[in-house]
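full-length UniProt numbering puts the first residue of the sequence shown at 1, with every later residue one more than the last.
Treat each hint with caution, since some may be false.
[Stated by the list, open to error] Okay, the calculated beta carbon distance ranges per label pair:
1) Ala86 x Pro233: 30 to 36 Å
2) Val34 x Thr123: 16 to 22 Å
3) Thr247 x Thr212: 24 to 30 Å
4) Gly8 x Thr123: 31 to 37 Å
5) Pro75 x Arg262: 21 to 27 Å
6) Leu127 x Arg263: 19 to 25 Å
Please keep in mind that the hints were generated in silico from the structure rather than gathered at the bench.
Just so it is clear, the structure is predicted and the values come from calculations on it, not from any experiment.
We put the CB at the ideal spot given by N, CA and C, even for glycine.
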Amino acid sequence: MVMTTWDGHLRIDHLADAGTVTLTLVTVEPATEVRLRAGLVAGFVTADPHGPPASVAAALQDGRLPDDVVALLGPRVAAAVAELLATGRRGRWLQLDLVEVDDLAAAWAPYRGVALESGPRATSGALGSWAGELWTCLGVRGWRDLLRSLGEPAHALGPVRSDGTPPTGVPSGTWRLPDALAAAVGVAPEVAWELRLGGPGGAVVELLARPTGRPAGAVLQAGVDDGSQRWVPFEADGAGGLRARLTGFDEAVSVRFRSETRRTA
1 MVMTTWDGHL
11 RIDHLADAGT
21 VTLTLVTVEP
31 ATEVRLRAGL
41 VAGFVTADPH
51 GPPASVAAAL
61 QDGRLPDDVV
71 ALLGPRVAAA
81 VAELLATGRR
91 GRWLQLDLVE
101 VDDLAAAWAP
111 YRGVALESGP
121 RATSGALGSW
131 AGELWTCLGV
141 RGWRDLLRSL
151 GEPAHALGPV
161 RSDGTPPTGV
171 PSGTWRLPDA
181 LAAAVGVAPE
191 VAWELRLGGP
201 GGAVVELLAR
211 PTGRPAGAVL
221 QAGVDDGSQR
231 WVPFEADGAG
241 GLRARLTGFD
251 EAVSVRFRSE
261 TRRTA
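Start from the sequences and build out the full structure, keeping to the hints where you can.
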């Protein structure tokens, strides 16, 4: 393992013709680049399992960065990008201090795990920070092949059973949330998932979590990492479980989980 020395020199470029902003944190170390979803690519130093993203390329939405990318970049970097876009300049430099570099590393940790992993996608996610909340991302490679293999229509399969067991023949499994995220939202780390066809709208993922009964100051939310920025809260199913249903995607992308702090009036 090599610990990379980051000097904090960040280059921001607006590729107007492509409708994209690229951010490059200068390093001489080789990086591994991964397409996280349509419109979002990130690279991480291959030999540094704890470092920040060496590069990020994000497609603009309505002339600005997607909300989740803004949250992951942090207020100062996001503000620098917004200023660049507002002034019409093509590029600029920004000097980050060590705390800001560490903050980027903490925020992007789940994506770093996706980029640097080898073999099938892990069933446990890395913990990341998200605008004061916690998050992770998980997924299964080859979801398209799994969907093609389904021989029955989705409506005939039924949901995950109350004990977490899916109907026979349905692609399914268990993910493990980071312990800190699970504790923050008051659930057991294991989340059961089931993948099935959902008609013209694409695939459906049924999720089942188990509450621990311990007090929690936040609720668990899930969302497909497809750029839609949609988050679905887990809700009681009347049988002792918490469920969320994600719909409307047809690409093998990650599922993200995050905490959402309960707000009091």
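Results for each hint:
1. For Ala86 and Pro233, the Cβ-Cβ distance of about 34 Å falls inside the hinted range of 30 to 36 Å, so the restraint holds.
2. The hint said 16 to 22 Å for the Cβ distance between Val34 and Thr123, and at roughly 18 Å that hint holds.
3. Between Thr247 and Thr212 the C-beta distance comes to about 27 Å, which sits within the given range of 24 to 30 Å.
4. Our hint of 31 to 37 Å for Gly8 and Thr123 holds, since their Cβ atoms are close to 35 Å apart.
5. Against the hinted window of 21 to 27 Å, the Cβ-Cβ separation of Pro75 and Arg262 comes to about 23 Å, which satisfies the hint.
6. A beta carbon spacing of about 23 Å between Leu127 and Arg263 agrees with the range 19 to 25 Å that was offered as a hint.
Going through the hint list in order, the structure satisfies each hint without exception.
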